[in-house]
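Residue numbers (our numbering), protein chains in the order written: chain Z, 1387 to 1724; chain G, 1387 to 1724; chain F, 1387 to 1724; chain A, 1387 to 1724.
Incorrect hints may appear among the rest.
[Claimed, not checked] Subject to a maximum C-alpha distance of 25 Å in a straight line, what follows is the list of computed SDA-like cross-link-like pairs (lysine to any residue):
(1) Lys1688/A x Gly1543/F
(2) Lys1388/F x Lys1633/G
(3) Lys1605/G x Glu1454/A
(4) Lys1388/F x Arg1486/F
(5) Lys1633/G x His1514/A
(6) Lys1605/G x Pro1483/A
Since the hints were made in silico from the structure, they are not lab data.
Number of protein chains: 4
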Amino acid sequence: MKTYRFNAEEGLNSLICTETETPVPAAHEVLVRVRATSLNYRDLMLIENRYGQPARPGVIPLSDGAGEVVAVGAGVTRAKVGDRVAGTFFAGWIGGPFSRAAGATQRGSAEDGFLATHRVIGEESFVHIPDYLSYEEAATLPCAALTAWNTLTQGRGIRAGDTVLTLGTGGVSLFAVQLAKALGARVVSTTSSDKKGERLTALGADHVINYSAEPDWHKAVRRVTGGEGVDCVVEVVGAATLEKSLKSVAIGGDIGLIGGVGGGKGSLDLVALSQAIVTLRRIIVGSRVDFEAMNRALVVHKLHPVIDRVFPFADAPAAYRHLASAAHVGKIVIAHDN
Amino acid sequence: MKTYRFNAEEGLNSLICTETETPVPAAHEVLVRVRATSLNYRDLMLIENRYGQPARPGVIPLSDGAGEVVAVGAGVTRAKVGDRVAGTFFAGWIGGPFSRAAGATQRGSAEDGFLATHRVIGEESFVHIPDYLSYEEAATLPCAALTAWNTLTQGRGIRAGDTVLTLGTGGVSLFAVQLAKALGARVVSTTSSDKKGERLTALGADHVINYSAEPDWHKAVRRVTGGEGVDCVVEVVGAATLEKSLKSVAIGGDIGLIGGVGGGKGSLDLVALSQAIVTLRRIIVGSRVDFEAMNRALVVHKLHPVIDRVFPFADAPAAYRHLASAAHVGKIVIAHDN
Amino acid sequence: MKTYRFNAEEGLNSLICTETETPVPAAHEVLVRVRATSLNYRDLMLIENRYGQPARPGVIPLSDGAGEVVAVGAGVTRAKVGDRVAGTFFAGWIGGPFSRAAGATQRGSAEDGFLATHRVIGEESFVHIPDYLSYEEAATLPCAALTAWNTLTQGRGIRAGDTVLTLGTGGVSLFAVQLAKALGARVVSTTSSDKKGERLTALGADHVINYSAEPDWHKAVRRVTGGEGVDCVVEVVGAATLEKSLKSVAIGGDIGLIGGVGGGKGSLDLVALSQAIVTLRRIIVGSRVDFEAMNRALVVHKLHPVIDRVFPFADAPAAYRHLASAAHVGKIVIAHDN
Amino acid sequence: MKTYRFNAEEGLNSLICTETETPVPAAHEVLVRVRATSLNYRDLMLIENRYGQPARPGVIPLSDGAGEVVAVGAGVTRAKVGDRVAGTFFAGWIGGPFSRAAGATQRGSAEDGFLATHRVIGEESFVHIPDYLSYEEAATLPCAALTAWNTLTQGRGIRAGDTVLTLGTGGVSLFAVQLAKALGARVVSTTSSDKKGERLTALGADHVINYSAEPDWHKAVRRVTGGEGVDCVVEVVGAATLEKSLKSVAIGGDIGLIGGVGGGKGSLDLVALSQAIVTLRRIIVGSRVDFEAMNRALVVHKLHPVIDRVFPFADAPAAYRHLASAAHVGKIVIAHDN
């Protein structure tokens, strides 16, 4: 089998693929033939050594991978050979509330990720993927899609009649548009260009705001919501947008804080905070149970992830460089069979 | 103004229209020019004196009415002249949990209903109706639509990925099909004929089961759900269907018990109950706050109630007779301007 | 009857008592013989014209009052002569989510408060008070106690096994100690002196931290919670404490933001925010339905509010001055019969 | 090591203890030195072959056991040698909703239970037990205590101000009294004798009703609740009591249906059901995540399970006979060190 590993201190150049013997799964483990992985912005931060919690040296990158079970260890009942599965972002978060212990099992940083042709993983650390999705599509789900799903369904929970605000065209935001529509909500989306706006409209966004043309986009959000504001903001950008998100949110609304909140830099004016009647919730991807719930929604709505480009396994570094270029709309995928 | 009143002991023949002077609203009251009302099966039971809690003699019938505010009393801030409104089923249930006190304000039985050209009502006892709906459409909402909405949204709460089962083509069931789709669910519907089945499919039902052709319809429900069963049953019929509903429901599912549960007659085999891992919830229409939440969903999805037939105000008894004939699919409405 | 009114622009000196004829309640209104009122810090801010939303000139101050119904208008069913009641903080927030409309009915600023011997109020704008409480005790509940209750019971909701952090010995914090214990939680409280600490311990606090002795009190919070942190912070102070609260909260915990968040001044470091896995919820007192739920808890636990001092009605300005002195522990009450 | 096994078709006589070599845990498994087990009525039904799902022939009985980890397999992070643990009722239900797959891992029937000196179990299938509890006490928790906890905390969720009704002095009911008090509720308990009533009072019951003296005990429940009824019934007995429970429950209340609901025999009059505004929830013990939440509550309140009698490991059949005699109040425990 082939496996990529990296050392954050040495950056992308350290991302090297080596060949070793394919292992046999121990009890309560399965061997997965990885068919596809996808990249998140976090993966770029990790390899550039600017993520909050640095990656373990020599770790296999990429939290998001999907593949086929090709061998099972003793005592495994959750899967059999031939099952199509995707890994969970946290290998050890099955259900219930997030915990420090679960947090220590983040794949692609604390634990090995999926940028390999084969991976032995624990019997509780994957979900079955919907039949209608390709491996390449399924590989986009574990981090970005689940983050969007939990932002929308936890807390007050979005449902028919609510309005959701998404920011930009990153992976989480695109999933948020699709999932919010599946949940029956109205969607307002910001973006930097009319061309990207067309993509958002095609995905289901009811109102698109070009923030290049209207930098005070919170005013546009108020306008298209009849002055009320939105019930939920999928807040992915951070300090630069948080105050405008606070001005965009309806009374009793909800802001999901995703990722590092702008790298954790900057500050929030407390006037903006105290003038909004709002709940701010930190979103930490989600558990396996959440992933399974999302998959049920995907199946009913037959949603297809937006894939920007697929790179061959041998060109994995090129996938990182494409991500760094910020020229993409949708997920960047690596196909492991090519 | 003209007002219908009835005495349950004398039945439909006692439904008489009289003319009196139009009143002036007192403080905290509004005068509504009623434009339309709709009938529920409960109204038939009331006028035939076979409802659990008999109607107050001489009461104005019909809980469901919509119209225009034509005068407001002192201190009223929730509405102004010209506002389009619909009454709430319980005049005194604004928000929070149901209570005995709220229950004593049921319109069309304990309190006066809307079968009149004008009605003075309390300032807290109505909602504003969506612009896109006609008065005739809005008059169908207060009882049946809200019952369907609360069955779907309370308890575990249906959302994208869940499957809902509706029974037959009564008012609540048709709204349940429409609202379940708006909430992102998959819908399985039973009915007695293929022709009605086509109506259900057109409304959005994903699977229609003809229970005349398949009396053990719970087996068909299991079949179309891959053996899993449904996550929610909108149980409107009662004893005749409850055991099959229990056999249709998925592990962890929810059965909303609506109305008199088959007139409260019959019994439930405890084997069926204990074999289902289910929650049974009695549904009592809903509060004004619930009605407002539903209206937000209606607006986003622009749902139009299914209206079977509209009767003129002068022919109100004919509307009751049409309801009694059970030949309708959708709501029976009375237009007060005709 | 006698009524105090004030003009914020002229400060406390404008607080003048005048005598007018006692009014008769209109339809859907009740006349209350006010027996006691209590002060909140907000009342001081209002009369000193430094509250976010300035008070209407000539308004009757004090949102919090309790008394006896002495006359009822036509159509009133929620109360009868002789009933013991307390007003709701928002005259127009009965149940369901907070709204702009509800916010416009804040008593003692937008609408008249209770610093009068008699008040005519709407039939929906009060609760019945528990038998075991005196009028003076009941008058402390509408703002501070309900704020504490909703901080503890909404969002994730505190229950047996959780740990709650309270800050200081203001009205909300003292109620939070009592109510958190009633809900089965463990309580950690900060205070500035060992003497006040004894009061907190007597009220039920399990751990008291003297922040004068230990300015980095979040470290002490971590220590007494075995490193885990607390599940809920009743955050009453604002910018000065918010970052330490964020460092005190457990993974998945909840911070209730109360009042103006330090007058809305200052800023929050986003590093502190992004390092906490937390939900921040703005708390806006609560609805009548919430107040009724709290009263049920009070009755079961027979909690007695902590009253610092009772002033006679004629000395209302002295009560304000006592509040301004910040020398109190517990609520400052005005007895209207003296 | 010594292990008891049984064959349901042969009854209690088939419960035989044999000695075998102590196994070594495989990867992701731990070896537990079992220190104590406890019996539930279900265990008696299983060994008498009258449980709904018959036990696998030769299974090790008793779902409830506690002990010490004495060896860990490769890859185990949740426990280390020396940890004090108790098994979960369902070996495979970690968190999230109940499922058919989880149901197939019921210990003591589908999977091996704990009536052995040593047991190898999966790394996800246990909880750490509170320090303040002995192994004998901890062994009483997995089934009965967790069932009581989930009845009280799920659904609407009991909190300060609510009233809970418990029936009799079985294991679940006694835990329900203790836990309901810890949650801040008022407790009404029925029992057959004044002597048992004293035990209930000592545990915290606020009102005890002797149903021998007052067979229509639902009237007494109404009486002591001021006519309102209770907010939650912990319904353990079934058909014989369910109709009275329905008459005892407050509007909007909740009935937790536990166990076989009277063995699943009998029927429920739908008049009783339709007259109650109630939710009926089937309770299926609970997940590991639920167990961990309960343990946090136990720790704060230092609750001690009521133990009726402790039998030595060698006399396990005597423990079953004592259970069959129905003479006990509290849990029957087997100490494996004796």
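A quick look at each hint next to the structure:
1. Only pairs whose Cα atoms come within 25 Å are accepted, and Lys1688/A paired with Gly1543/F is accepted, the gap being roughly 21 Å.
2. Restraint check for Lys1388/F and Lys1633/G: the C-alpha separation of about 68 Å exceeds 25 Å, so the hint is violated.
3. As the CA atoms of Lys1605/G and Glu1454/A are separated by approximately 47 Å, the hinted pair breaks the 25 Å bound.
4. Of the pairs offered as hints, the one joining Lys1388/F and Arg1486/F is violated, with about 31 Å between alpha carbons and a cut-off of 25 Å exceeded.
5. Taking the CA atoms of Lys1633/G and His1514/A, the gap is near 38 Å; set against the 25 Å cutoff, the hint is violated.
6. Only pairs whose Cα atoms come within 25 Å are accepted, and Lys1605/G paired with Pro1483/A is accepted, the gap being roughly 24 Å.
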